[in-house]
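Taken in order, these protein sequences are the chains called A and B.
In this text, residue positions in the first sequence follow our numbering: the first is 792, and each later residue adds one.
In this text, residue positions in the second sequence follow our numbering: the first is 27, and each later residue adds one.
Careful: at least some of the hints might be erroneous.
Pair by pair, the computed Cβ-Cβ distance ranges are [claimed, not checked]: (1) B:58 to A:900: 51 to 61 Å; (2) A:834 to B:147: 43 to 53 Å; (3) B:151 to A:834: 39 to 49 Å; (4) B:147 to A:900: 20 to 30 Å.
Reference excerpt, derived from the structure (chain B facing chain A, CB under 10 Å, subset only) [said to hold, decoys possible]: (5) 37; (6) 72; (7) 521.
Quick caveat, the hints were computed from the structure, so don't treat them as lab data.
Just so you know, these numbers come straight off a predicted model, no measurement behind them.
Just so you know, even glycine gets a beta-carbon here, dropped at the ideal spot from N, CA and C.
So you can see what is in the structure, the chains are spelled out below.
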Amino acid sequence: MTSARDTVLGRVRDALALAPTPATAVPRGYRTGRTLPDGERLALFTDRLVDYKAEVHPCTADRTAQVVAGVLRDHGARRIGVPAGLDPRWLDAYDGEVRPDTADIPARQLDALDAVVTASAAGCAETGTIFLDGSSGQGRRALSLVPDLHLCVVDLSAVAAGVPEAVARLVPERPTTLISGPSATSDIELERVEGVHGPRRLVVVIRTDR
Amino acid sequence: MSTFLGMPARPPRSPYGTGNLRGDEPFPRAAHQELGNAQLRRNLGRATTTIRAKRLNATGELPDWEALREAGSAIKTDALNRLPELLEQLERKVTEHGGTVHWARDGAEANEIVTRLVRATGSGEVIKVKSMATQEIGLNEHLEAAGITPYETDLAELIVQLAHDRPSHILVPAIHRNRDEIRQIFLDRIPGVDPELDNVPAHLAAAARAYLREKFMTAKVAVSGANFGVAETGTLAVVESEGNGRMCLTLPETLITVMGIEKVLPRYRDLEVFLQLLPRSSTGERMNPYTSLWTGVTPGDGPQDFHLVLLDNGRTAALADTVGRAALNCIRCSACLNVCPVYERTGGHAYGSTYPGPIGAVLTPQLAGMDAAADDPNSSLPYASSLCGACFDACPVKIDIPSLLVELRHQHTEQTGTTAEKLAMKAAAAVMKRPTLYAGAQKAAGLGRALAGRDGTISRLPPPFGGWSDSRDTAAPPRQTFRAWYASAEGRATLRAAADEHDRGPDEHTPDQGEGGMRRRDGEHAPGQGEGGTE
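All chains, full assembly: derive it from the sequences and hints.
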């Protein structure tokens, strides 16, 4: 008997022979390779994030630890999870409990954390999007998902102007998560509700001199 | 380049009587019932108006929106043209990264594959990400029959599942329910829910969160669909808002993704186009809250057992149709539903298919066929449209839905052979060729006034025109035909007066006289152009 694979591929070839269409070139006349000065990129990124109900704290790199500690204190986060590769200096001013993540920690234990602090791989100003790609400062995907508060540190230099410029910064083989504001639903009478299954609060610390 | 020996075979449609690509009754009958539901129309009217406005804002923000549509359309067309090589490339890349690829000729085969994979894990339940493909093949029903409990985790899908209802919209499946109904569904069906639960959407969402949290923490297997599958890298994409998708794609040990073969994109870079087109077209957002991209298996992160099921189920049949294959470009954004005057009034259930609205009216008969012999509900779908064209304007990948509907109407007429309508058209053609017969017929048509009500419309025509009047009123024919009026003393007098006024020219013309009169400046009168028309 022919395998399903051969059958389906055979059908595809038959279909294309029955209904041939000319080869199509892809016109890429949309905007690519855009750049924006730092100030404009910061303003746009911040505006979009706030529009999506994220909390935004721009700061200089040497103030990272103070801002991170301040946010965690304000939100009452006493116990936080961090990726094993997070820059430890970012937590210098934090006096709560810090639990470095490992792959064998079950999701239920992540659920007991008050917050998670991660770095990020890239950002997109025009859409207010943060990209995580699982590299050392960002950890595995479950870590930034299960705790109710996600504090994400973004370097302004990694924030691209638009979507094509941001996608160009990604490494395809890495497990990648795009985050635009906190979890949200509009399923009940189209009324937007922040916070369903993912983190209900997203705080973005933007380091403006990096 | 393949070599063909003889004629290629026409690929089969989705098998009749399987899955959710066919309703129980033709669209007009189903729509009649839905039109009686005032709640549905209020919900839909408000919802579609809101999304329409948001979408226009979001698309209007981008100065290159039309260029993105052009690119999106071309990428999909190019992908379909190169489908064999791209599917093989996708398979190779997913396999290289530790995933397993399965092929399914139809929904039944896909259901069996998923069931076998779930059984192999020893789990009696699965958590599900909202997915049109698994809805299309009726996976939940199949799993339940096999003793496996599927849990929908998208809030709207959960509402629909708990209520034993059917989705009515691609994007917001429970749009036909209001907050009071949802509250009652939760009170009745969620074990241990707070009996004091009120109807505030935030509280309802919190109740769903608490209910599903436990499932996310314990489930061993998840089933998802895919918005895109990138051939170049083997990367799969799921676009969502609530985080339930991230939960399903990340926490269980095993992930099974069912993807229609038309969802393949050639290059990773192509995501830059669709990540702009999809969210702005569907929810009117600049970007949806969460998008997950994964390639096979990543050690130490997410499911360590990943299966991709590539589904045909009539897609190759659609591909074999020169006109209809454009429907496979659809990225399921639902923009066409939200602008459709027909969908807005009937809702999604009237279409009887997983895919409602304008694109559903095209895609459903393409995938599952229109059975010429029986009273097939799918045969009625190409007529479930006013052909106003709003769907074409809204479509981010520029699918010319109205033209596809007309083509399907043509195919349906060709299939059905001789019908009463066809006979009537033939008779009309014969009559119009003979002036005396035509004049006689027009006189006879005047009798139509006898059928008309006081409002001058006919709500029910005798056979064979009954099909026409079932779904619309017909204006009563005028008291007098034009020829009769033209030949009458009244007609001649009116025309003479008009011609006289015309000849006096514009200077003598006063606005008061202008009402209904004909005007012509001197010298404009071309020789031989009779003013009242000659025969």
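Hints that the structure is at odds with (numbers, increasing): 7
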